[in-house]
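Guided by the hints, dock chain V onto chain Z, whose structure is given.
Top to bottom, those sequences are chains Z and V.
If you're matching positions, the first sequence starts at 1 in UniProt numbering and goes up one per residue.
If you're matching positions, the second sequence starts at 1 in UniProt numbering and goes up one per residue.
If you're looking for bench data, these hints aren't it; they were derived computationally from the structure.
One should not assume that every hint holds.
Said to hold, decoys possible - Below, a list of computed lysine-lysine pairs in the DSS-like style, where the Cα atoms sit at most 27 angstroms apart: (1) Lys6/Z to Lys81/Z; (2) Lys362/V to Lys159/V; (3) Lys7/Z to Lys82/Z; (4) Lys50/Z to Lys362/V; (5) Lys50/Z to Lys124/Z; (6) Lys115/Z to Lys102/Z; (7) Lys50/Z to Lys189/V; (8) Lys7/Z to Lys81/Z; (9) Lys359/V to Lys50/Z.
Keep in mind it's a predicted model, so treat the numbers as computed, not measured.
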Amino acid sequence: MEAMVKKYQQRFRKFKDEMDRWDELQVRLISQFQNASSIIGRLQLLQDPKNFGSLSGMDGIVEALLAKQMESLQLSFSSIKKTMEELGNIVNSMEKIYRDGKQLVKGGSNQPSIKQLQQKVGLKPSLEDCLNGLMLLCHMHRSEYNLKESIVSALPELFWKARNHGAQDLSSLHQLLVDQPNIKKEEVEFVFDTILVLEA
Amino acid sequence: MDHGIGGRGRGVASVSRRFDHLTHSLVSASLISAVAGVQSSLFLTLPLCCVVVYNLSSRTNQSDYFLKVLGIVASLVASAVNPQDLLDHYSSFISIVFGITETYALNSMDTQYFSTPPSKGTNLKSGSITTPGSSPLLPSITRLWRPAAQRNIRNQWSKLSSLKQQWASSSSSGRSHATSIVNAYLSEKYMPSMELGSLCDMIDIRNKACLKLSKQQELYRSKLLSSFKEMVDVVVQMVNASRLMKCYFKRSSNSALIEFSTSSEDNHNEDAGDGGGIPVFTLFTIPCFEKLAEELVHMFELELNLKRLLLMELLSLSSEASPKSLIWSEELYWGEFDNLRLCNLWSEETDELLHPTLKSHKSNAPTVSRNQHPNAEVLQVYLVTWLAEVNIHTRRVDEIFELVSQEIHVSLS
Numbered sequence: 001m002e003a004m005v006k007k008y009q010q011r012f013r014k015f016k017d018e019m020d021r022w023d024e025l026q027v028r029l030i031s032q033f034q035n036a037s038s039i040i041g042r043l044q045l046l047q048d049p050k051n052f053g054s055l056s057g058m059d060g061i062v063e064a065l066l067a068k069q070m071e072s073l074q075l076s077f078s079s080i081k082k083t084m085e086e087l088g089n090i091v092n093s094m095e096k097i098y099r100d101g102k103q104l105v106k107g108g109s110n111q112p113s114i115k116q117l118q119q120k121v122g123l124k125p126s127l128e129d130c131l132n133g134l135m136l137l138c139h140m141h142r143s144e145y146n147l148k149e150s151i152v153s154a155l156p157e158l159f160w161k162a163r164n165h166g167a168q169d170l171s172s173l174h175q176l177l178v179d180q181p182n183i184k185k186e187e188v189e190f191v192f193d194t195i196l197v198l199e200a
Numbered sequence: 001m002d003h004g005i006g007g008r009g010r011g012v013a014s015v016s017r018r019f020d021h022l023t024h025s026l027v028s029a030s031l032i033s034a035v036a037g038v039q040s041s042l043f044l045t046l047p048l049c050c051v052v053v054y055n056l057s058s059r060t061n062q063s064d065y066f067l068k069v070l071g072i073v074a075s076l077v078a079s080a081v082n083p084q085d086l087l088d089h090y091s092s093f094i095s096i097v098f099g100i101t102e103t104y105a106l107n108s109m110d111t112q113y114f115s116t117p118p119s120k121g122t123n124l125k126s127g128s129i130t131t132p133g134s135s136p137l138l139p140s141i142t143r144l145w146r147p148a149a150q151r152n153i154r155n156q157w158s159k160l161s162s163l164k165q166q167w168a169s170s171s172s173s174g175r176s177h178a179t180s181i182v183n184a185y186l187s188e189k190y191m192p193s194m195e196l197g198s199l200c201d202m203i204d205i206r207n208k209a210c211l212k213l214s215k216q217q218e219l220y221r222s223k224l225l226s227s228f229k230e231m232v233d234v235v236v237q238m239v240n241a242s243r244l245m246k247c248y249f250k251r252s253s254n255s256a257l258i259e260f261s262t263s264s265e266d267n268h269n270e271d272a273g274d275g276g277g278i279p280v281f282t283l284f285t286i287p288c289f290e291k292l293a294e295e296l297v298h299m300f301e302l303e304l305n306l307k308r309l310l311l312m313e314l315l316s317l318s319s320e321a322s323p324k325s326l327i328w329s330e331e332l333y334w335g336e337f338d339n340l341r342l343c344n345l346w347s348e349e350t351d352e353l354l355h356p357t358l359k360s361h362k363s364n365a366p367t368v369s370r371n372q373h374p375n376a377e378v379l380q381v382y383l384v385t386w387l388a389e390v391n392i393h394t395r396r397v398d399e400i401f402e403l404v405s406q407e408i409h410v411s412l413s
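One chain only, chain Z, in its complex shape (with noise of 0.2 angstroms):
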């Protein structure tokens, strides 16, 4: 029993680095929608000539800014896309490592009772314990991928109708962006004391 609660230490390991992994894209994709936001948000203030105080005297002007201006918002679209690509992959090679330490317990020729299951050598987790973390984790961040998936696909939404109270919509999408309210911190830090407990 102890070699197997060894094993899924190290999947915890190979998840944590998933983890900083998903952190890094974080800042990036919360950057990258700051941008596409602040250009979204002034777009409107764009389209009156009336703000263009000295320069309403070049030829063009309005319309040139405008389009480099779009230019520059479907560039942060695509960029958008992109980090959402990465962060997919991340939870798929974290639902890989759950399906993988599952199959240690239950695909092995002699399978562990529910007691083994439960067994608890000293501080070290049982093999519960450690699959019921790996779970926990996938769920909270396959959750959180749907919920960005769903923020970021309303952005271009949010571009197209309801313009007039368009700002107060994107803080609070950028709100929940940064928050994460499907990754618990506290939970996550509790599991990973209990898995990897002679580490720290």
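Then chain V, alone, in the frame of chain Z:
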């Protein structure tokens, strides 16, 4: 696709070389047979020639040239039975054979390079390099010209590339200074109506804050101006680099060394500096490089002028009742107009600084109605305009650098 043609061209070239070789041996064989009466060597070479011609005609569409040559060769072999005839027709035979192979060489060059400039064709035909419209350069000099020109083109384009990066950094630091000016200005403007809470009790707090904010604006104004100065310098250097693409032959009177220079001043040979219009690397001639550089630099020139307008707006921001006003036709710093003249931003007709325009738009009359106290929206538009660089078409700029870096085999990024 290019590759395929090049490959086929090389294959054809090697076969045709073999063909040339065989014709040579055939001619010498016929000569020997004429003199010594040994005809067997001739009959040995002829079938070989046939094989090569067949090989060639399957690869190119110029088989008729080779068939012609083969016909002549066959008639030569027949005539070689009579040595006296051969000697009579020998010289005309030689000229026909090699005339045809030369025409072929010209054609094969065309298929190989797709778009060979016309001078290249004439070079091959006449056998010597001639420079159209200028004094002829010797082939040996052209051979030396190429590496010199390549070195120069590489230098100038790497310079342009690093200048582009300098522009980007100056522009972005300028933007952050501009943002600071705007923020300080707006805070100062809103100071009287600001809720200060318990700070209200402090004596003179609002005035002190205003003073501080206006000092900050002063500081950032000078920083913004120096960023602008950097940008002017960058564009001046870009213009210089774009004008130094040519490579002139320089004949120094006291030494036998052949030198090249990028300035036309010590060029007594009066060449055009473009090596007679030959490609510097594989495709682009000097004028091609110049055109791309000009297109690139023009974008930065226009953007510089637009930035100058924004700069004037931001520098004249002030919360004072009667602020000093900046005038478009006055220098912002000493020597500015000399530099802007170098950047093609000076109108020769009216002898004054051009007004900012967009590409493909006409310069229009200046709008004098400057508002000394613009509102927050207008200021935001100014900042966005500074950031957006509407005159610099990012994709086209990337495309130009990509194109050039492929041609000169130097990565420019």
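Here's how the hints hold up against the structure:
1. Lys6/Z to Lys81/Z: Given pair lysine 6/Z, lysine 81/Z is violated - Cα atoms ~37 angstroms apart, limit 27 angstroms.
2. Lys362/V to Lys159/V: 31 angstroms, violated
3. Lys7/Z to Lys82/Z: Judged against 27 angstroms, a Cα distance of about 33 angstroms means the pair is violated.
4. Lys50/Z to Lys362/V: 21 angstroms, holds
5. Lys50/Z to Lys124/Z: 70 angstroms, violated
6. Lys115/Z to Lys102/Z: Since the Cα atoms of lysine 115/Z and lysine 102/Z sit roughly 17 angstroms apart, the hinted pair holds (cutoff 27 angstroms).
7. Lys50/Z to Lys189/V: 21 angstroms, holds
8. Lys7/Z to Lys81/Z: Violated, at roughly 35 angstroms.
9. Lys359/V to Lys50/Z: 22 angstroms, holds
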